[in-house]
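Enquirer: Numbering (our numbering) for the sequence shown: 121 to 656.
Read the hints as simulated data drawn from the structure, not as lab findings. A couple of the hints might just be wrong.
Said to hold, decoys possible - Under the rule of at most 20 angstroms between Cα atoms (straight-line distance), these lysine to aspartate or glutamate pairs were calculated in the DMTMM-like manner: (1) 181 to 632; (2) 181 to 309; (3) 181 to 243.
Claimed, not checked - Restraint ranges, calculated between C-beta atoms of paired labels, are given here: (4) 432 to 264: 29 to 37 angstroms; (5) 183 to 317: 47 to 55 angstroms; (6) 185 to 579: 48 to 56 angstroms; (7) 317 to 255: 37 to 45 angstroms; (8) 653 to 243: 42 to 50 angstroms; (9) 252 to 320: 38 to 46 angstroms; (10) 257 to 569: 40 to 48 angstroms; (11) 505 to 257: 31 to 39 angstroms; (12) 366 to 499: 35 to 43 angstroms; (13) 653 to 252: 23 to 31 angstroms; (14) 366 to 342: 25 to 33 angstroms.
No residue lacks a Cβ here, since even glycine has one placed at the ideal position from N, Cα and C.
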Amino acid sequence: MHRRDWLRRLVAAGAAGVMPGVGASAAHGLAMGERASWLDEALPILPAEPRRLKAYDLRVKAAYAAAGARTPPQDGRVDEARVPAFLAMFSKGLPHDAYGIVDPEAYRALARAAAGTGQARFEDVPLGGVRRLVSPQAAFAFALDGLDAAMLGVPDPPMWDTPTFATEAVEAYWLALLRDVPFARYAEDPLVARAAADLTRAGAETTAGTLLARVHGARAVPGPIVSQFLLRPVPMGAQVLSPRVAAQTSGETFLATWDEWLASQNGHLPVRDVTYTGRRHICCGRDLATWTRTDYPGQAGVQAALLLESLRAPVTEGHPYVRSRNQAGYVTFGLPFIVDLASRVAMHALRAAWFQKWVVHRRLRPEELGGRLEAAVAGAPVAAWPDARFVQSDGFEEMRRRTGACLLPTAWPEGAPLHPAYPAAHAATAGAMVTVLKAYYAEEWVLPDAVAPSADGRELQPVDEPLTVGGELDKLAWNLALGRAFAGVQWRSDAEAGLRLGETVAVALLRELRDLLPEADVRFALRSFDGLTIDV
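Start from the sequences and build out the full structure, keeping to the hints where you can.
Expert: Right, here's the structure in full:
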């Protein structure tokens, strides 16, 4: 058969569907008997059938391993039954009465839909205004790589009337009060000292110095609070992304009055917006809140990977091409590989967080707590108070002195988004992204030319301390997680649970990925958020 005729038949067979669309015997004849010898020489290919079976075996093996994963037991929604009128549960966007108490039938409709059983639908959940629930059906989305969202778990959040929750609430109010204090002045600022003393009385042994560590995360990390990955310009091809953020007006707050708060809980759009006074480097809690208000899932991980590549940061010893004589990574173990992985793992973490948020916990947002307390003071027919150490705290009293109410003012006009608090999705995506980056790059490598923002954020100043890739990636994860807490829309335990959920998601995906890559002896190793070594 002439070459042109053979190619024409091959194209026609492909257009017909299966190769070719005239039956298995004809396909075998065309593939084995009529293929010209010149094609074998010019374009050697792997036999289709073994490759197809290998792909099938790998998918079955991954599915079998995922099905055998132990799903942690979770009680979830303990406060849903214990605390009256669903006061401890997320209800933003649903109809509320004049005291901010959710319509019980509306909440029950939400709970039934979130259970994913019977004929209950999210379309049947009544809303109080025009803002819509954020992607609740994503809780039931499946993914064919990594662990399914329902196979993952997080510890139950602190219950409403426990000392642990009271300590979290005290910290939430202090973070709102400290939004505009420059991180560079934490060690000397009197308000920071008051916050540290108050948190110690509430049960968290804290000093002005360890309050910095609490913003860093569980472990003390050297250098400025803000990660180098948020302070340095990011090369993006032929362009460079500035690290400066819009500087929100100092002291600006939202949802600090009852009418504004109640309108937000009912799902109405805000009537005023943020005001800005220029741009600056991230230098305070308000700036972290600004960064996390509009970033997209995967952004921080992609930017960190691009920055590390531009710095020619060394990869881990387990990288298969470190010792290769004639190969370099690109599609696998190169820039496209790590950028894709950092972005892709963020979506896996989002799905896992969404399952926990909607199906398991439905935890209230910090702004909702403030409204519950304000309603109780105003004589609501149903009320519930957290542990006394919160209402007796200096932070709670200082906020009441400033605003004349029990409300927790937010940094954003819309307040919290319309999905439950626990675990924090920003923390989950950050934990996942940082985990794969720590598995890929040498964590002990010291970043060159480290910098810190000035107190006003206008300049960057050199830092003498050695700041490592691993330490600054951990710091990046905590910056993203607690940026939402500085905004007034997340609790600390939301952040902690989210980070560890993201880490678990990433490690599971890395384990599965090893079997799918052609490079032999691939090994990932990293240090966890708890300081332990994880071998994948």
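Enquirer: Work down the list of hints and note, for each, if the structure agrees.
Expert: Going down the list of hints, with the structure as the test:
1. Only pairs whose Cα atoms come within 20 angstroms are accepted, and residue 181 paired with residue 632 is accepted, the gap being roughly 9 angstroms.
2. Straight-line distance between C-alpha atoms of residue 181 and residue 309 comes to about 57 angstroms, which puts the hinted pair past the 20 angstroms bound.
3. A C-alpha spacing of about 38 angstroms is found between residue 181 and residue 243, which places the hinted pair above 20 angstroms, so the restraint is violated.
4. Distance hint check: the CB atoms of residue 432 and residue 264 are about 35 angstroms apart, consistent with the given range 29 to 37 angstroms.
5. The supplied range of 47 to 55 angstroms is met by residue 183 and residue 317, whose beta-carbon atoms lie about 54 angstroms from each other.
6. As the Cβ distance of residue 185 to residue 579 is approximately 51 angstroms, the hint placing it in 48 to 56 angstroms holds.
7. A C-beta distance of roughly 41 angstroms is found between residue 317 and residue 255, which places it inside the suggested range of 37 to 45 angstroms.
8. The hinted range of 42 to 50 angstroms is satisfied by residue 653 and residue 243, whose Cβ atoms lie roughly 48 angstroms apart.
9. The given range of 38 to 46 angstroms is respected by residue 252 and residue 320, whose C-beta atoms sit roughly 42 angstroms from each other.
10. For residue 257 paired with residue 569, a C-beta distance near 46 angstroms keeps the hint of 40 to 48 angstroms intact.
11. A C-beta distance of roughly 35 angstroms is found between residue 505 and residue 257, which places it inside the suggested range of 31 to 39 angstroms.
12. For the pair residue 366 and residue 499, the supplied restraint of 35 to 43 angstroms holds, since their beta-carbon distance comes to about 41 angstroms.
13. At roughly 44 angstroms, the beta carbons of residue 653 and residue 252 sit outside the given window of 23 to 31 angstroms.
14. For the pair residue 366 and residue 342, the supplied restraint of 25 to 33 angstroms holds, since their beta-carbon distance comes to about 29 angstroms.
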